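Number of protein chains: 2
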Amino acid sequence: MFRHVVCLQWVPGTPADRHDAVVAALRTLPARIPEIRSYTVGSDAHVNSGNHDVVVVADFDDVAGYIVYRDHPDHQAVIAEHIKPILAARAAVQHEL
Amino acid sequence: MFRHVVCLQWVPGTPADRHDAVVAALRTLPARIPEIRSYTVGSDAHVNSGNHDVVVVADFDDVAGYIVYRDHPDHQAVIAEHIKPILAARAAVQHEL
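In order, the protein sequence lines correspond to chains H and X. Going by our numbering, the letters in the first sequence line up with residues 1 to 97, in that order. Going by our numbering, the letters in the second sequence line up with residues 98 to 194, in that order.
Isolated chain H, as found in the complex (with noise of 0.2 Å):
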């Protein structure tokens, strides 16, 4: 297996409803990329303070599996559409499991 993790968190001032809209057009990746094996996306609960604000954790078959989802144009399209604007950092590991 190979896994792919990405933290993101948001400007300062992001609206809730467009993290929610993060959230959501993430978790419709899954029924149109059958490269996903497994597929969470979270909301940190603030237990900790400094935190990133969502997480994806993805598992694949392999690294060209990940590729397939990395370069998916509907991946590609909540990443413009939803994420880049409300960005302020990133922080991804892929590996294998």
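Calculated from the structure, these hints are not laboratory results. As the structure is a computational prediction, the values presented were derived from the model and not from experiment. The beta carbon of each residue, even a glycine, is placed where N, CA and C say it ideally should be. Don't take each hint at face value.
[Claimed, not checked] Chain X is nowhere near these chain H residues, computed Cβ spacing over 10 Å in every case:
1. Q9
2. A16
3. D20
4. A21
5. T28
6. R32
7. P34
8. G42
9. H72
10. I86
[To be verified] Here are some, though not all, of the chain X residues that point toward chain H, as calculated from beta-carbon distances under 10 Å:
11. F99
12. R100
13. G139
14. D141
15. A142
16. D150
17. V152
18. A186
19. A188
20. A189
21. H192
Given the coordinates of chain H, assemble chain X onto it according to the supplied hints.
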């Protein structure tokens, strides 16, 4: 379930053995902290540029289990001895799973 995700990035020039020591030290924690239900530590595969270097995805029964892990002396020792000396950036999210 309750999930903790953290991405860590090292200062430029960090030797590989310091990275490997972090990964090895983190992987000792599930045997020491029974509240951990699932624990993966991954080193970035260098598929993309600009990534962080390590990611931990840890699952617990609930937020209380995560807090035990967060504050556990063995975890804090790994952070103090292995992580903090080479840490450039950190991104974390905790969320209900």
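Comparing the hints with the structure gives:
1. Here Q9 of chain H does not stay apart from chain X, with its beta-carbon only about 7 Å from theirs, under the 10 Å limit.
2. With a cut of 10 Å on Cβ distances, A16 of chain H stays outside the contact zone with chain X, its closest approach being about 15 Å.
3. Every Cβ of chain X is farther than 10 Å from the Cβ of D20 of chain H; the closest lies at roughly 14 Å, confirming the non-interface assignment.
4. No beta-carbon of chain X comes within 10 Å of the beta-carbon of A21 of chain H; the shortest separation is about 17 Å.
5. Chain X leaves T28 of chain H outside its interface by the beta-carbon criterion, the shortest separation being 19 Å against a cut-off of 10 Å.
6. Distance to chain X confirms R32 of chain H as a non-interface residue, since its nearest Cβ pair spans about 21 Å, more than 10 Å.
7. Chain X leaves P34 of chain H outside its interface by the beta-carbon criterion, the shortest separation being 20 Å against a cut-off of 10 Å.
8. Some Cβ of chain X comes within 10 Å of the Cβ of G42 of chain H; the nearest lies about 3 Å off, and the non-interface call is violated.
9. The Cβ of H72 of chain H sits about 15 Å from the closest Cβ of chain X, beyond the 10 Å cut-off, so the non-interface label holds.
10. Separation of I86 of chain H from chain X is adequate, the least Cβ-Cβ distance of about 16 Å exceeding the 10 Å criterion.
11. Given hint, F99 of chain X at the interface with chain H, holds; its Cβ is 8 Å from that chain's nearest Cβ, closer than 10 Å.
12. This hint holds: R100 of chain X has a C-beta 6 Å from the nearest C-beta of chain H, less than the 10 Å allowed.
13. The beta carbon of G139 of chain X comes within 3 Å of a beta carbon in chain H, closer than 10 Å, and the hint placing it at the interface holds.
14. Against a cut-off of 10 Å between C-beta atoms, the interface hint on D141 of chain X holds, since the closest Cβ of chain H lies about 5 Å away.
15. At about 5 Å, the closest approach between the beta carbon of A142 of chain X and any beta carbon in chain H falls short of 10 Å, and the interface hint on this residue holds.
16. With a least beta-carbon distance of about 7 Å to chain H, the hint placing D150 of chain X at the interface is held under the 10 Å criterion.
17. Of the supplied interface hints, the one on V152 of chain X holds, with its beta-carbon coming within about 4 Å of a beta-carbon of chain H, less than 10 Å.
18. This hint holds: A186 of chain X has a C-beta 7 Å from the nearest C-beta of chain H, less than the 10 Å allowed.
19. The beta carbon of A188 of chain X is positioned within 10 Å of a beta carbon in chain H (closest approach about 3 Å), and the interface hint is therefore held.
20. Proximity of A189 of chain X to chain H holds as hinted, the smallest CB-CB distance being about 5 Å (cut-off 10 Å).
21. Proximity of H192 of chain X to chain H holds as hinted, the smallest CB-CB distance being about 3 Å (cut-off 10 Å).
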